[in-house]
Amino acid sequence: MPAHSLLETIGNTPLVELARLSPAPDVRLWAKLEDRNPTGSVKDRVALAMIEAAERDGPLRPGSTVLEPTSGNTGIGLAMVCRLRGYRLVCVMPENTSVERRQLLTMWGAEIVSSPAAGGSNEAVRVAKQLAGEHPDWVMLYQYGNPANWRAHYQGTGPELLADLPGITHFVAGLGTTGTLMGVGRYLREKVPDISVVAAEPRYGELVYGLRNLDEGFVPELYDESVLSGRHNVGPYDALRRTRELVANEGIFAGISTGAALHVALGLAEKSAAAGERADIAFVVADGGWKYLSTGAYAGTLDEAAAALEGQLWA
Amino acid sequence: MAIEVRIPTILRSHTDGAKAVTGAGKTLGELLDDLEERHPGLRERLVDDGGLRRFVNLYRNDEDVRFTGGLDTELADGDTVTVLPAVAGGAA
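Top to bottom, those sequences are chains A and B.
Those letters in the first sequence? Residues 1 to 315, per the working numbering, in order.
Those letters in the second sequence? Residues 1001 to 1092, per the working numbering, in order.
If you are wondering where the hints come from, they were derived from the structure by calculation, not from laboratory data.
Please read all numbers here as calculations on a predicted model, not as lab measurements.
Do not rely on the hints blindly, as some may be mistaken.
List time: in silico DMTMM-like cross-link candidates among lysine to aspartate or glutamate, alpha-carbon distance up to 25 Å [claimed, not checked]:
hint : chain 1 : residue 1 : chain 2 : residue 2
1    : B       : Lys1019   : A       : Glu270
2    : B       : Lys1019   : B       : Glu1037
3    : A       : Lys271    : B       : Glu1037
4    : B       : Lys1019   : A       : Glu160
5    : B       : Lys1019   : A       : Glu310
6    : A       : Lys271    : B       : Glu1063
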């Protein structure tokens, strides 16, 4: 059936079994290919859901300006949705994000305000809140605290996963705004007894943690610890190693955060295999590798690639 | 029993600038008590009356200790404990 708008093509992404990376016949890994969304990431779901919620609840009117702190994918998704719906978009992003992301945002018509590299997305959030104060007529969607973010996954990604994989035992995704994990996690917890919901959290270089004091830390308002079964920290070396294994063994060219999710999924798979337990482990391919080529992630040795990521927000 | 503890930049004033220190303990709570003897003030930056502070994350071998028993998380010789501030991350 033909779509009458690009927005109709968001979601309903494929789930693919990873036969070569799965450790045992009854311990299987499954990749949810969110890079198949129209702008190439899982964030298209969130972008559309947040815009539609803001249209429904009132603040967004034709010609409105939308404001968002974003290190890339949400901004790119929003830029596409805003272009189609007739809104102006201002994105606040850390200056240490890849050049492709900036070019993509500009191409779709977004305006970019840079925030300092030190402090990472924390700073982007701070600068965006300041801008929102100065421009009360702008609409900040604020993905870190907007319930439409997790609901997009509760209503879309979660049901899609369960329909494709009724025997699912584990769900793994990257931890950023926490929206994917909260939404899919809550849905699966209602439907699947004993489901494990596990977060893969990127561990960055020291620059990114350069807070002046610990009270300036940040936990997204959406985050509810009780939805998760566990949370694993993954450094750039392991994330890159798994990203390369994914393309070498299964042909899936994914972004670096996907490597972190795969790393955690493989750890869970090995544990299940060792315990002799059946497992169907689904993880999210949040985006493709294209936007990360300039980071050096796919060139040279793993050590060289990991060194190139130092100080960058790679996920 | 030796456990390596990785310290973020922001807390190195308590470790004479050291990126990593060594401590001992059968649980995370015991480890923090042990560290406090040589690195006074560190424990208070990580823990308050309610347990781990909100903007601090501790990991035992890369797993967040909030899901493995908190301060009662059991430790073994050769484990690594990593301390990190909570930041907004992800390809958000």
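Verification of the hints:
| no. | hint | in the structure |
| --- | --- | --- |
| 1 | Lys1019(B) / Glu270(A) | violated, 32 Å |
| 2 | Lys1019(B) / Glu1037(B) | holds, 18 Å |
| 3 | Lys271(A) / Glu1037(B) | violated, 37 Å |
| 4 | Lys1019(B) / Glu160(A) | violated, 45 Å |
| 5 | Lys1019(B) / Glu310(A) | holds, 16 Å |
| 6 | Lys271(A) / Glu1063(B) | holds, 14 Å |
Hints 1, 3, 4 from the list above are not met by this structure, while the remaining hints are.
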